[in-house]
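Engineer: Given next are the chains, with one letter for each unit.
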Amino acid sequence: MSLSLHINKEVHTVDAAPETPLLWVLRDYLGMVGTKFGCGQGACGACTVLLDGRPVRSCLTPVSAVGDQPIVTIEGLSLHGDHPLQKAWDAMDVPQCGYCQAGQIMTAAALLENTPHPTDEDIDSAMSGVLCRCATYVRIRAAIHEAAGQPAAKGGK
Amino acid sequence: MSLTQPLSRRDFFQLSALAGGGFALGLSLPVRAFAQMPEAPILTPSAFVQIAPDGVITIVARGAEIGQGIRTSLPLLIAEELDADWERVKVEQAHFDEAKFGPQWAGGSMTTPVSWNPMRQVGAAARAVLVQAAANRLKVPVGELTTSKSRVTHAASGRSLTYGELANDAAKLPAPNPTTVKLKDPKEYVLLGKRRPGRDNGAIVTGKPLFAIDVKLPGMLHAVFYKPMVFGARVKTANTDEILKLPGIRYCFVIAGAIQPSAVVPEEPGLSSGVAIVADHWYQAQRARRQLKVEWEMPEHPVPNSEDMEKRAHELAAQPGDVLHAQGDVVKALAGAAKTVEAVYSYPFLAHNTLEPQGATAWFHDGKMEMWTGSQMPGGGRTMVAKALGLAEADVSLHMLRAGGGFGRRLMNENMVEVATIAKQVPAPVKLIWSREDDIVGDCFRAGGTQFLKAGVDSSGALVAWQHRLVTFGEGKKYAPGADIDASEFPSGRIPNFEFASSTQPLWQRTGWLRAPGSNAHAWVVNSFLDELAHAAGIDPLEFQLSVIQREATPGTPAAKLAGTPDWLNGKRLADVLRKVAEVSDWKNRKSGNGHGFGIACHFCHLGYFAEVAEVKVDDSGAIWVEKVWAVGDVGRQLINPSAGEAQVEGSILEGISHMQQEITFEDGQVKQTMLAQQQLLRIRQAPKVEIHWITTDYDPTGLGEPALPPVLPAVANAVFAATGKRIRTLPLARSGFKLA
Ligand code: FES
Ligand code: FES
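Residue numbers (the numbering used here), protein chains in the order written: chain B, 13 to 169; chain L, 10 to 750.
No lab work stands behind these hints, which were simulated from the structure alone. A hint or two may mislead.
DSS-like cross-link-like pairs, simulated, lysine-lysine; straight-line CA separation at most 30 Å [what the hints assert, rightly or not]:
id, chain 1, residue 1, chain 2, residue 2
1, L, Lys-433, L, Lys-225
2, L, Lys-433, L, Lys-245
3, B, Lys-99, L, Lys-698
4, B, Lys-99, L, Lys-735
5, L, Lys-203, B, Lys-99
6, L, Lys-99, L, Lys-245
7, L, Lys-463, L, Lys-225
8, L, Lys-196, L, Lys-589
9, L, Lys-463, L, Lys-735
10, L, Lys-320, L, Lys-302
11, L, Lys-735, L, Lys-637
12, B, Lys-99, L, Lys-245
13, L, Lys-748, B, Lys-21
14, L, Lys-486, L, Lys-597
15, L, Lys-637, B, Lys-99
16, L, Lys-748, L, Lys-637
17, L, Lys-302, L, Lys-637
18, L, Lys-181, L, Lys-191
19, L, Lys-193, L, Lys-148
20, L, Lys-637, L, Lys-486
21, L, Lys-589, B, Lys-21
22, L, Lys-463, L, Lys-748
23, B, Lys-99, L, Lys-158
24, L, Lys-217, B, Lys-99
25, L, Lys-203, L, Lys-600
26, L, Lys-486, L, Lys-600
27, L, Lys-463, L, Lys-302
If you're wondering where the values come from, they're calculated on a predicted model, not measured in any experiment.
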């Protein structure tokens, strides 16, 4: 089935079975591999994209359910890789293996949209669905505070 | 141990002109770093550093990047001695060629010790030829020249030349002798020891293709490989014809497999039997798998059942074991001790769960296999692929890609053999991706185990007797991979009346290495038990631990025999980190009780010394909040990149806490926790604050991938005891009535 998707402010046309998860449409059909596959079970958040501004698990989102809602992926979060979160992630050296970080940043971006100055508790509750197997959590907290313009003390929390 | 030695006379630098101008400097290695390899020099020129006339400096990162930061830290070693302008250095990933680059594996926290000397020498050699070229051009003695930020300066005359301007001249000079290139005094370092973000951060945060799973080749197909739920089962029949009719499916075939049944399964048991489904897109293959009907031929041997294995462990403990080390008279000393403590500790199997599942890409063309992999042990993978497919090793080439986590899982390379086997039968490149279930069920698990301990203190509280039985998996003294504990392991050798023995039961299931193997369970057992003894003796746990650590190992014991090798536990270094962590956490003034407690522990492994204090809160329901962990490490005289180094410490500590709530159990040979949610991996809300301090000692730097992990489990468990009076002797926490909040 042919579908038009609004991804990162561009319209992409793909021919995929309606039940194909958005994740695999992005990765395999459109070659946008920034969004990651971690479990396909909704349990890791590595596949998080923004659908109409909300963080969703693209591995559990059938492409046919997307319609004309705008999708933002890590590739489209900012024009030049300079979203405050992207800058903070680099400056605080958050990534270890880096595999989960697209999901972390997309989830954090949605958090900051709604809660520009989150507390540690806000961060923990918004981010607990996104697994980091390398456990970069201490720096994720610090980088979100940094991006929100409120540098956290070294050592996190 | 030659692994960490500097370059010698037998190594050669190779200096060559680049086609477009400038020069390249490489190494010719006699490959002494690999025990399996012959000690003959292999005279392949290689290029670690290239300096072009336009001033662009390219440094090759030789190692496997699994998140430990070596794509930044190894080039930094070269750039430091070269005095390169780091901001303008280009880092390129080496392809796999160990004759050219030396060791390219990543395991055992060995990348830093193996690279520390040779990589600095490469940088210093490149600098030396540039300085010589400048001396010739400016007609001044070498001694009057200084270097900084990719420039040679003659201060006396105010003249200076960039490395780019000197590159063509340098290309004509003889290569320097590795034994005479002078290395910097650490006081002169401008790059090492400064916090520096990873070179790939920009690509990571913008979603650029970096990982093995991101590889895309023209005409590439996608594969799943459906394997049995019970290790060693074989496909009898499969409805491949029906699968072939499904949308997007190009190929579907049975792979017979080559696993030989064995009670002690080797680390790489070979290719599993299974069904390959190859499709235009991965999700088509994954979806088709649901329609797959496979009749399995079950193995004839017994298969693991966790409940039975637990019972069997207790039976074995009552029977004589294999004594690995004994000294004094432990039975008599226990009988005569003022106080004795007896305890049984047990810990579960664990899965690795790298967030990027296993997978690789292979393309069989022109009689050769070309592969893309994020392996920790690419050389091992290449050998296996060549052997499985009857190819010459030289006909298997590897591109090394960033791996989405390693933790020891990617030391194993069966996924490479699987995809190569599939690709050999398909006229297109094939990318194999394991599903999460594949990754869990097909793991090489950290082996569980049960340990039985009895120890005694005399009337002064001194530890005088220690009897220890490890019940693990294997046959006799042939242990399942990662399931053994060495006879020299602490506190062996340091207690006058001592016995350490093992018993094994067959497992018929695969095991392997998980971050800080052995230590990740054993350090929890030993340090928890020491804490029990300290309380029995009425001595502060810190003082009690110090009293044992600071004993010299009895001459002639396995522990004492390690003296002079890197694996020797230097009691002073361990005592120093322990004292320092007590100081930074204000241990002496901390009061525990009423659901709030502090615990302390230390451990030496992978050449590194760590001591940690944990602070916990525990409520009446047994929910634990780990509030804070203080860590003190000693990994020698220099942190290469403190940001990456401390990231490893933070990650290790959090992973250790995560281990406390995870488990894998078996029922009739099948893993019961096949979903990621059942793996109970640590979440951000469970992550404590971490405060890290360092002790600098005059030893060559060692790695940080592992040594900070083991002490955190006993530190947390000891803190829970201090808070509640309840001892955690069974992991995961849920089996001791606790959970992480
Ligand atoms: S891949 Fe979607 S939640 Fe894990
Ligand atoms: S950085 Fe490796 S999983 Fe998060």
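Engineer: Could you work out which of the previously given hints the structure breaks and list their numbers from low to high?
Structural biologist: 4, 6, 7, 10, 12, 13, 14, 17, 20, 21, 25, 26 and 27
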